[in-house]
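**Student:** Single-letter residue listing:
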Amino acid sequence: MRLITVGELTSYIKGIFENDKLLTSLWVKGEISNCKQAVSGHLYFTLKDSNGCIRAVMFRSRASKLKFLPDNGMAVRIRGFVTVYERDGSYQLYAEEMEPDGAGALHVAFEQLKEKLHREGLFSQARKRKIPVFPGCIGMVTSPTGAVVRDMTEIISRRWPGAGIILAPVTVQGESAPADVARGIRDLNSLGSVDVIIVGRGGGSLEELWAFNTEEVARAIFNSGAPVISAVGHETDYTIADMVADLRAPTPSAAAELVIPVKSEVAHTIEALRLRINRAAGDNLGRARRRLDNCLQSPVFRRPADKICGSRAMVNDVLTRGLNRSMEKIFTGKKASFLAAAGKLNTLSPLATLSRGYSVCIDQKTGGVIRDSGEVNTGDAVNVKLHRGSIKCQVKDTLKENQL
Amino acid sequence: MARKKLVFEEALKKLEEIVHQLEDGQLPLEKALELFSEGINVSRYCQASLEEAEQRIMVLTADEGGRPALKGMTP
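Residue numbers (this note's numbering), protein chains in the order written: chain A, 1 to 404; chain B, 1001 to 1075.
No wet-lab data here; the hints were simulated from the structure.
Source: prediction; values computed, not measured.
We put the beta carbon where it would ideally sit given N, CA and C, even for glycine.
Treat the hints with caution; some may be incorrect.
What the hints assert, rightly or not - Quick list of the computed label-pair ranges, beta carbon to beta carbon:
| id | chain 1 | residue 1 | chain 2 | residue 2 | range |
| --- | --- | --- | --- | --- | --- |
| 1 | B | Lys1031 | A | Glu120 | 47 to 55 Å |
| 2 | A | Pro144 | B | Lys1031 | 51 to 59 Å |
| 3 | B | Leu1029 | A | Phe301 | 16 to 24 Å |
| 4 | B | Thr1061 | A | Glu207 | 51 to 59 Å |
| 5 | B | Thr1061 | A | Glu86 | 52 to 60 Å |
| 6 | A | Asp317 | B | Leu1029 | 37 to 45 Å |
| 7 | B | Gly1066 | A | Tyr44 | 35 to 43 Å |
| 8 | B | Gly1025 | A | Leu296 | 16 to 24 Å |
| 9 | A | Gly203 | B | Gly1025 | 51 to 59 Å |
| 10 | A | Gln37 | B | Gly1066 | 45 to 53 Å |
Go ahead and model the full structure; you've got the sequences and the hints to work with.
**Tutor:** Written as structure tokens, this is what we have:
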């Protein structure tokens, strides 16, 4: 048997790896642990699951293209190949691509905390504090360096020249960030003069924003005396801090715009209200003046005695005249009908006929008027009534109508 | 200083109420004139409040005893 060197053996093993179809190109999934980025920019970590582990490396050229920062506990999928690192006599995974695998550990932690705080009522709308419209003093919990604090200060001072700002300088990422941010909120509250607090930082990866997803910061916001506006620079993802805060601004700049109105606009509003008060008061006066004028122009006020006495005379006059007219009308009517009746009576009177020479013959026994010669017999006594006086007669003979 | 701005918010609200009541025109004249003079006073107060410009940007630090303290911010 031929004796070989370690180098030859290692090289031989490496040959086997490099001729294997699976090992030369594969996708593997697992959780990152022992993750370190070297000064060179290469990323070293161990990929593991409950049954095994493999050392892995991602060179700088690939690692720099990652959209997220791999960190311990993250579940990832990696494309790459496995070969032997001859110097250490070990095999390792050379990662060429990496992406988060479903819900990574951070996501799981995030969801667990969210659920817990939700159950405790930290996100309840009912307990959210009202944001003051005109805060006299604005607290800011953020990093004292960088564009965020400068932008916010500028925006606030531009909108409301003279606005009071107190900055609680904190680190917003890394190990100490959660405790730092929480302490900043508490310290601002201890001053007693802060009306509203903005807690935030600029945009970043989920890992960079992590302080704002911690229970410590969430509870500090919840327990703050002053209302809190969260301003974590990440428009799409909500952090736990966003959910606990009384108001969520999508970015720190937006928070600065929300926290205070523009003073010149407020001045205009006040001026406009003052003008409206003047006009409305003028209108009120005008209305009252017109009502008064209307009353004063009434005749009752112009010549009150005339009005009253004149009225009584007029009423009397009207009544009297009306009464007279009615009486007269009734009288005239009655008179006319009386005369007509009298005229008619006159023509019907037999006395009037007698005056023209006619006479009436009345049976003395019966007193009835005799109209037919057959009604009397010879010897009967009749009275002939003339225009003046009457003649007592005795019938000598009676003749029929045609015997005349 | 802080409470003063909250008073300002109330004053502005009061001013708006007065305007609405006056514009409604349902008030007796005496009450309307009373409101008018109150409104003018409130609007003067609001305008005066805006004039107060005491720009102060402070940084929260800790004193020797570790208690929160304020110092002016150097831009």
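**Student:** So, for every hint listed, does it hold in this structure?
**Tutor:** Results of checking the hints against the structure:
Distance hint for Lys1031 (chain B) and Glu120 (chain A): a CB-CB separation of about 51 Å, consistent with the stated range 47 to 55 Å. Between Pro144 (chain A) and Lys1031 (chain B) the C-beta distance comes to about 55 Å, which sits within the given range of 51 to 59 Å. The hinted window of 16 to 24 Å between Leu1029 (chain B) and Phe301 (chain A) holds, with their beta carbons roughly 19 Å apart. For the pair Thr1061 (chain B) and Glu207 (chain A), the supplied restraint of 51 to 59 Å is violated, since their beta-carbon distance comes to about 29 Å.
Roughly 56 Å separates the CB atoms of Thr1061 (chain B) and Glu86 (chain A), a value that falls within the hinted 52 to 60 Å. Range check, Asp317 (chain A) to Leu1029 (chain B): Cβ separation about 42 Å, and the 37 to 45 Å hint holds. At roughly 40 Å, the beta-carbon separation of Gly1066 (chain B) and Tyr44 (chain A) lies within the given 35 to 43 Å, and the hint holds. Gly1025 (chain B) and Leu296 (chain A) have their C-beta atoms about 21 Å apart, which keeps the hinted 16 to 24 Å range intact.
The hint said 51 to 59 Å for the Cβ distance between Gly203 (chain A) and Gly1025 (chain B), and at roughly 54 Å that hint holds. Restraint check, Gln37 (chain A) to Gly1066 (chain B): a C-beta distance of roughly 35 Å breaks the suggested window 45 to 53 Å.
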